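J.: Chain by chain, the residues:
There are 2 protein chains.
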Amino acid sequence: MNNFIYHNPTRIIFGKGMESETGAQAALLGKKVLLHYGGGSIKKNGVYDKVTASLKEAGVSFVEMGGVQPNPRLSLVREGIALSKKEGIDMILAVGGGSVIDSAKAIASGVLSGGDIWEYFTDATKVIERALPIGVVLTIPAAGSESSSSCVITNEDGWYKRGCGSAAFIPRFAVINPETNFTLPPFQTACGCVDIMAHLMERYFTKVENVDLSDRLIEAGLRTMLNFAPRAIRNPLDYDVRAEINWTGTLAHNNLLDRGRIGDWGSHQIEHELSAIYDIAHGAGLAVVFPAWMRYAYKNHKSRFVQFAVRVMDVDLSFDNQDRIIEEGIRRLESFFQSLGLATRLSQLDIGDDRLREMADKCRSAGNVLKLTPDDVYEIYKLAL
Amino acid sequence: MNNFIYHNPTRIIFGKGMESETGAQAALLGKKVLLHYGGGSIKKNGVYDKVTASLKEAGVSFVEMGGVQPNPRLSLVREGIALSKKEGIDMILAVGGGSVIDSAKAIASGVLSGGDIWEYFTDATKVIERALPIGVVLTIPAAGSESSSSCVITNEDGWYKRGCGSAAFIPRFAVINPETNFTLPPFQTACGCVDIMAHLMERYFTKVENVDLSDRLIEAGLRTMLNFAPRAIRNPLDYDVRAEINWTGTLAHNNLLDRGRIGDWGSHQIEHELSAIYDIAHGAGLAVVFPAWMRYAYKNHKSRFVQFAVRVMDVDLSFDNQDRIIEEGIRRLESFFQSLGLATRLSQLDIGDDRLREMADKCRSAGNVLKLTPDDVYEIYKLAL
Numbered sequence: 001m002n003n004f005i006y007h008n009p010t011r012i013i014f015g016k017g018m019e020s021e022t023g024a025q026a027a028l029l030g031k032k033v034l035l036h037y038g039g040g041s042i043k044k045n046g047v048y049d050k051v052t053a054s055l056k057e058a059g060v061s062f063v064e065m066g067g068v069q070p071n072p073r074l075s076l077v078r079e080g081i082a083l084s085k086k087e088g089i090d091m092i093l094a095v096g097g098g099s100v101i102d103s104a105k106a107i108a109s110g111v112l113s114g115g116d117i118w119e120y121f122t123d124a125t126k127v128i129e130r131a132l133p134i135g136v137v138l139t140i141p142a143a144g145s146e147s148s149s150s151c152v153i154t155n156e157d158g159w160y161k162r163g164c165g166s167a168a169f170i171p172r173f174a175v176i177n178p179e180t181n182f183t184l185p186p187f188q189t190a191c192g193c194v195d196i197m198a199h200l201m202e203r204y205f206t207k208v209e210n211v212d213l214s215d216r217l218i219e220a221g222l223r224t225m226l227n228f229a230p231r232a233i234r235n236p237l238d239y240d241v242r243a244e245i246n247w248t249g250t251l252a253h254n255n256l257l258d259r260g261r262i263g264d265w266g267s268h269q270i271e272h273e274l275s276a277i278y279d280i281a282h283g284a285g286l287a288v289v290f291p292a293w294m295r296y297a298y299k300n301h302k303s304r305f306v307q308f309a310v311r312v313m314d315v316d317l318s319f320d321n322q323d324r325i326i327e328e329g330i331r332r333l334e335s336f337f338q339s340l341g342l343a344t345r346l347s348q349l350d351i352g353d354d355r356l357r358e359m360a361d362k363c364r365s366a367g368n369v370l371k372l373t374p375d376d377v378y379e380i381y382k383l384a385l
Numbered sequence: 001m002n003n004f005i006y007h008n009p010t011r012i013i014f015g016k017g018m019e020s021e022t023g024a025q026a027a028l029l030g031k032k033v034l035l036h037y038g039g040g041s042i043k044k045n046g047v048y049d050k051v052t053a054s055l056k057e058a059g060v061s062f063v064e065m066g067g068v069q070p071n072p073r074l075s076l077v078r079e080g081i082a083l084s085k086k087e088g089i090d091m092i093l094a095v096g097g098g099s100v101i102d103s104a105k106a107i108a109s110g111v112l113s114g115g116d117i118w119e120y121f122t123d124a125t126k127v128i129e130r131a132l133p134i135g136v137v138l139t140i141p142a143a144g145s146e147s148s149s150s151c152v153i154t155n156e157d158g159w160y161k162r163g164c165g166s167a168a169f170i171p172r173f174a175v176i177n178p179e180t181n182f183t184l185p186p187f188q189t190a191c192g193c194v195d196i197m198a199h200l201m202e203r204y205f206t207k208v209e210n211v212d213l214s215d216r217l218i219e220a221g222l223r224t225m226l227n228f229a230p231r232a233i234r235n236p237l238d239y240d241v242r243a244e245i246n247w248t249g250t251l252a253h254n255n256l257l258d259r260g261r262i263g264d265w266g267s268h269q270i271e272h273e274l275s276a277i278y279d280i281a282h283g284a285g286l287a288v289v290f291p292a293w294m295r296y297a298y299k300n301h302k303s304r305f306v307q308f309a310v311r312v313m314d315v316d317l318s319f320d321n322q323d324r325i326i327e328e329g330i331r332r333l334e335s336f337f338q339s340l341g342l343a344t345r346l347s348q349l350d351i352g353d354d355r356l357r358e359m360a361d362k363c364r365s366a367g368n369v370l371k372l373t374p375d376d377v378y379e380i381y382k383l384a385l
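Sequence order for the protein chains is A and B. For what it's worth, this note's numbering labels the leading residue of the first sequence as 1, then goes sequentially. For what it's worth, this note's numbering labels the leading residue of the second sequence as 1, then goes sequentially.
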């Protein structure tokens with residue numbers, strides 16, 4: 001186990017009707033809030049009304065800025081920064097899923113950072129040290145951004161999707177009411193579940209040894225998702241099912257489960273190029289990329305992929321043939337993604353082989369099990385065709 | 001799953017040599033520190049020298065107060081409060097295990113609370129809202145007090161051992177270097193491991209349904225302890241073994257694993273009466289009480305005890321006979337405690353039946369699977385004879 005520091009001060013406020021706590025929490029952090037949201041689904045499902053009523057009741061004034069798109073855009077972030085400065089905003093409240101939260105994080109830091117915010121996403125020597133306090137009302141369990149230190153933004157100028165991490169990004173509070181997921185379409189539910197599983201798997205696939213507790217904690221999360229993701233598709237109004245997925249989604253990405261180990265994150269980088277160029281849902285891209293990455297990378301650390309197959313996917317074949325166990329584990333994972341209604345091949349997403357080399361060359365290197373080169377990324381895309 | 005709030009801001013600083021961070025962390029919180037410790041083992045194993053050197057290097061002045069005994073005493077807490085007020089202490093640094101940390105918590109709150117500190121441990125209407133900031137250098141993984149909201153103190157006047165909870169008790173930072181456990185005697189290692197397992201099991205045994213993720217997370221902790229506790233006895237100098245136990249011990253009691261559920265805590269109350277009167281180690285008492293409590297309580301919620309036997313203790317008997325599965329699970333747990341060198345019967349601790357009724361009548365009621373009455377407690381003691 002490696003040395004580590006763990007500090008996650010997000011106050012999680014979880015359960016039925018908890019949106020009513022938003023105003024009281026926001027009032028502790030700011031006087032004038034930027035209320036940031038997406039395409040307006042929160043106005044249809046009642047969340048907007050509950051949150052704004054709670055803010056008003058707590059005497060917190062707010063300025064609204066909706067319009068966040070999936071794969072949130074740098075241009076809107078820049079607008080948000082300008083608006084926040086003009087209005088004297090002192091806190092950002094994100095109401096939505098990962099895209100809205102990440103957009104809010106970039107705005108919150110951009111208001112206090114010198115220079116252009118995009119530099120922090122592209123220049124590894126620049127570190128975000130300050131941000132306005134961020135609060136979250138989560139409506140889609142997926143990105144785990146509600147208590148994470150990470151933020152991913154897409155620059156439309158060249159379609160670069162880039163991530164950035166900072167302790168200042170960790171939200172001060174996150175209100176999570178699983179009831180708000182009842183109206184999510186099955187596709188979005190499925191994509192969210194795959195994103196959660198990917199966050200767990202990126203942490204699971206490591207070359208760091210002697211990490212037994214965190215192995216088992218991650219396996220606990222993955223097995224929970226295997227049980228509950230299909231049930232959320234079948235029974236979208238089952239509160240207890242949605243609750244398990246939400247709580248797993250938060251713990252999958254709040255930095256707890258990779259303490260003492262180094263995650264891989266190769267699949268995330270490979271997927272980012274796909275969703276930047278083709279604007280697909282992140283989870284939909286991960287369902288294609290992850291099995292291909294596993295098939296390409298497993299020879300670098302077979303024991304870990306055997307453990308995944310046995311402990312997570314319940315593969316019960318003789319231990320004499322490791323490759324067979326591993327392949328069966330990957331096949332079951334792929335089949336599971338398909339059972340959620342997702343594609344597991346690029347061709348099923350109408351993505352051909354014409355831009356694979358371009359994406360491979362743009363892809364940021366990453367990886368602990370396998371340190372990716374552009375050629376590796378290219379081969380993984382080909383395996384995913 | 002029940003609604004819940006989760007907020008644990010302790011900064012965990014984990015790994016080899018991390019004591020050197022103590023001074024820098026303390027300097028963020030105070031100018032004059034009460035350095036609180038136990039019987040002096042930290043002077044033999046080098047921890048005292050490292051911590052004081054780190055404080056000096058960071059320019060933090062400190063006043064020392066050692067002498068904390070296992071089952072920490074109210075009289076020393078009162079001395080600590082008086083000393084802290086006299087010296088103008090603005091932060092308490094606990095260097096030791098759960099007893100030292102709990103003594104530090106009681107002092108930290110006593111300095112700022114009106115009235116006598118013991119009232120907060122006996123009068124449920126009194127709530128501790130403030131405490132001086134608390135830092136920890138942990139030397140014994142067991143109590144989980146290094147990032148918990150709880151505190152247990154023994155009043156020698158009548159030998160009452162009573163617990164109290166407050167968000168103000170949560171330490172601001174905890175330095176955890178598993179190397180400091182290398183010199184722990186096997187008995188103390190074993191007692192610590194049982195305490196950690198008990199914290200997990202108290203949370204596991206609940207009547208709250210639809211708590212699948214936290215079930216699995218707790219099972220992950222328990223299975224880790226089943227694997228590593230015996231190895232720590234056999235190989236006390238194995239860093240990676242000690243590391244797994246430390247990290248499990250912290251997560252077992254930082255309030256994460258019972259979010260959305262209600263723990264039982266009956267066994268803890270029953271054990272508190274034992275260690276208050278007979279001054280035995282808490283973990284040694286739990287190894288006796290828990291199996292007896294399980295045998296007495298399981299009929300109130302059989303499915304949960306079957307799940308424990310199957311998923312934690314790997315019982316592989318036919319599901320047709322639930323009682324047989326449960327009994328085998330309890331037998332294996334008892335046998336595991338014995339394998340650590342611990343007694344599992346009161347008689348093995350030279351405790352007879354003469355004060356059972358007195359302890360049963362003093363015992364605080366608790367329980368979610370079984371709401372304890374004095375008669376229940378009495379019957380459980382008898383089962384443990």
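If you are wondering where the hints come from, they were derived from the structure by calculation, not from laboratory data. Here the structure is a predicted model, which is why all the values come from computation and not from measurement. Any given hint could be a false lead.
Said to hold, decoys possible - Simulated crosslink set (BS3-like; lysine-lysine; CA at most 30 angstroms straight-line):
(1) B:K207 x A:K16
(2) A:K207 x A:K382
(3) B:K44 x B:K32
(4) B:K126 x B:K16
(5) A:K16 x B:K31
(6) A:K16 x B:K43
(7) A:K382 x A:K371
(8) B:K302 x B:K371
(9) B:K85 x B:K56
(10) B:K44 x B:K126
(11) B:K16 x A:K302
(12) B:K16 x A:K207
(13) B:K44 x A:K371
Claimed, not checked - Listed next, the stretches of chain B that the computed footprint assigns to chain A, with coverage defined by at least 3 CB atoms under 8 angstroms from CB atoms of chain A:
(14) 120–133
(15) 196–205
(16) 328–338
Stated by the list, open to error - Restraint ranges, calculated between C-beta atoms of paired labels, are given here:
(17) A:V208 x B:D320: 37 to 45 angstroms
(18) A:N235 x B:E129: 36 to 44 angstroms
(19) B:I5 x A:D314: 45 to 53 angstroms
(20) B:D49 x A:D320: 34 to 42 angstroms
(21) B:D49 x A:D90: 26 to 34 angstroms
(22) A:D354 x B:P9: 47 to 55 angstroms
(23) B:L317 x A:T122: 21 to 29 angstroms
By construction, the Cβ of each residue, glycine as well, lies at the ideal position given by its N, Cα and C atoms.
J.: With reference to the structure, classify each hint as holding or not holding.
T.: Hint by hint, here is what the structure shows:
{"no.": "1", "hint": "B:K207 x A:K16", "result": "20 angstroms, holds"}
{"no.": "2", "hint": "A:K207 x A:K382", "result": "25 angstroms, holds"}
{"no.": "3", "hint": "B:K44 x B:K32", "result": "25 angstroms, holds"}
{"no.": "4", "hint": "B:K126 x B:K16", "result": "40 angstroms, violated"}
{"no.": "5", "hint": "A:K16 x B:K31", "result": "44 angstroms, violated"}
{"no.": "6", "hint": "A:K16 x B:K43", "result": "51 angstroms, violated"}
{"no.": "7", "hint": "A:K382 x A:K371", "result": "18 angstroms, holds"}
{"no.": "8", "hint": "B:K302 x B:K371", "result": "16 angstroms, holds"}
{"no.": "9", "hint": "B:K85 x B:K56", "result": "22 angstroms, holds"}
{"no.": "10", "hint": "B:K44 x B:K126", "result": "40 angstroms, violated"}
{"no.": "11", "hint": "B:K16 x A:K302", "result": "29 angstroms, holds"}
{"no.": "12", "hint": "B:K16 x A:K207", "result": "20 angstroms, holds"}
{"no.": "13", "hint": "B:K44 x A:K371", "result": "45 angstroms, violated"}
{"no.": "14", "hint": "120–133", "result": "violated (count 0)"}
{"no.": "15", "hint": "196–205", "result": "violated (count 0)"}
{"no.": "16", "hint": "328–338", "result": "violated (count 0)"}
{"no.": "17", "hint": "A:V208 x B:D320: 37 to 45 angstroms", "result": "43 angstroms, holds"}
{"no.": "18", "hint": "A:N235 x B:E129: 36 to 44 angstroms", "result": "43 angstroms, holds"}
{"no.": "19", "hint": "B:I5 x A:D314: 45 to 53 angstroms", "result": "35 angstroms, violated"}
{"no.": "20", "hint": "B:D49 x A:D320: 34 to 42 angstroms", "result": "53 angstroms, violated"}
{"no.": "21", "hint": "B:D49 x A:D90: 26 to 34 angstroms", "result": "46 angstroms, violated"}
{"no.": "22", "hint": "A:D354 x B:P9: 47 to 55 angstroms", "result": "50 angstroms, holds"}
{"no.": "23", "hint": "B:L317 x A:T122: 21 to 29 angstroms", "result": "59 angstroms, violated"}
Taken one by one, the earlier hints fail for this structure at numbers 4, 5, 6, 10, 13, 14, 15, 16, 19, 20, 21 and 23, listed in ascending order.
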